[in-house]
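Given the structure of chain L, go ahead and fit chain G onto it with the hints provided.
Protein chains: 2
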Amino acid sequence: MANKEPEIITDKTQMRKWSRGMRSQGKTIGFVPTMGFLHEGHIALVKEARNHADLVVVSIYVNPGQFSPSEDLSTYPSDINGDIQKLMAVPGGVDVVFHPHNLYDYGTTNPSVENVNGSGGDEERNVGVVSCLENNGLGHETWVKVERLEKGMCGKSRPVFFRGVATVVTKLFNIVDPDVALFGKKDYQQLRIIQRMVRDLDFAIKIIGSEIVRESDGLAMSSRNVHLSPEEREQALSISRSLSRARIAAEKGQINCRELKESVIKAIEEAGGRVDYAEIVDQESLVAVEEIKSPVVFCVAAWFGKVRLIDNMEIDM
Amino acid sequence: MANKEPEIITDKTQMRKWSRGMRSQGKTIGFVPTMGFLHEGHIALVKEARNHADLVVVSIYVNPGQFSPSEDLSTYPSDINGDIQKLMAVPGGVDVVFHPHNLYDYGTTNPSVENVNGSGGDEERNVGVVSCLENNGLGHETWVKVERLEKGMCGKSRPVFFRGVATVVTKLFNIVDPDVALFGKKDYQQLRIIQRMVRDLDFAIKIIGSEIVRESDGLAMSSRNVHLSPEEREQALSISRSLSRARIAAEKGQINCRELKESVIKAIEEAGGRVDYAEIVDQESLVAVEEIKSPVVFCVAAWFGKVRLIDNMEIDM
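Chains as they are written, first to last, in the numbering used here: chain L, 29 to 345; chain G, 29 to 345.
Simulated from the structure, these hints should not be mistaken for lab results. Computed from a prediction, not measured in an experiment: that's the story for all the values here. All residues carry an ideal CB built from backbone N, CA and C; glycine is no exception. Hints should not be assumed to be uniformly reliable.
Some chain G residues close to chain L (C-beta under 7 Å, calculated; not the full set) [what the hints assert, rightly or not]:
(1) Thr56
(2) Leu229
(3) Phe231
(4) Ser313
The calculated label-pair distances, taken between Cβ atoms and stated as ranges, are [to be verified]:
(5) G/Ser102 <-> L/Asp107: 56 to 62 Å
(6) G/Gly180 <-> L/Lys179: 26 to 32 Å
(7) L/Asp133 <-> G/Lys179: 20 to 26 Å
Isolated chain L, as found in the complex (with noise of 0.2 Å):
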């Protein structure tokens, strides 16, 4: 099948502008935010906006304001001409790929702000381009909390991690105006966040999460995944695994979460891995529980050498 070549946009004001133009043509826009490197977890993501939309959106953007100083942006990895050829193997191709060079640079000049006061004062002040980190008093300053939601599990180790998320996809939801957006499993209390976060704040986006994608021996798919030695890619195994087997003994009537979170734990552990949390909790609320005795999520983190992996299972009961 021969796949359309998608147009790649880097302005946020064309993006709009097409955005728009589709719209006023009834089409529908399904969207999908990423930070790149794709791989199978995102293509699904890709498939499944075809079925929920006229028109695919993917973004590529790996978004400064979610990482902090210690973390790892400098590494975070890149490939956008791998990512097009993946985007054009998809079938039914990809409409658009949003791919900005800096959603944090306003500028010299903005068309969204008009000063009617004429004092004349803004060119002077106007400072070219601004990141997210100045804070010279016209700096990015404006960010979305969903304060209960951020607090736990990834929360507790990555502080900024998801004021940062909610802040970029509102803006990516401002640009690209989509009626659907599709967000992976994998990042479970980011699809929780996201979701809480439309509804408070009333988008009218309706939010589809999509399921993990695994790789054939069970590891859970991820960007970050390239990092790992060969036998930090072997020991990365012991979280899928052993959240597999809590899982089967959950459904053969473990429900004690304390041994379930020990077990896991335990065989991180003995791999060779550091275990960041593991937690069980309310599949909604996030809150954590002690029996499972409704649906949960069973999430972990973990290190392997330099890499932070996480994953999770639904357990439903």
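Here is chain G on its own, set in the frame of chain L:
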């Protein structure tokens, strides 16, 4: 001139449907968010909206999210029928009055959120009416924070005010989907916060700030003026009068902010008011200055009895 009666919409889904319908016809929408009990200041915003868009939507909603428990939510004045009469008297009229009952009630089902795990757990956990003050794991918990601009001036004495304003304006923008929105300069800090938020979150909305409308004796129009006793009403003139004197003094070369602020504080206190703050700040960054060398705004908040009033004057140097 016989003016049309506005359509009254109370449901956010209906509001959005109206906007989408109008947009699909190529119409532009101007939006004036208010808390009702309209005065000439609001009417000036509505008239200005007519200059910028084909259609005008006015929202009337007293937002609980911006009041702290000790503040005057319960006594905030309202008069929806009077408001509609006033809007009908505006030349050209108003197309829609959006008057929702509770923007933080997410009901028992949430069309924007699809739980695709098929667990069926949602129905049991949904809790009917959800207020922004609840914290049972399903209540409103997403807040938009403009972190630096919200800290000073009114933010000092009203700690949740601006996050509440930024959040409800985000909600209203997502529901009403306007091209242009108008805010009065009386709430100067609010205007700058909304402008910054719109820039930082990439809303495709032009923000226009409109000049303060004053009573003939100089008192800035405010819905809260109705709570002033005749004596307090007279005392309150000390704000606008002392600000005017300060502006004239500055224009004549008195640029020392400490002295200018002291003269305003003294005038208000001698009249019987209690000053919350008196600050001279940069018009855009709202950073306090020591000497007036560039465009500033002199902002004041003061109590007269149980009524807290704000006012400001721009000084363009």
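Legend entry - Hint numbers contradicted by this structure: The structure conflicts with hint 1 only, although it agrees with all the remaining ones.
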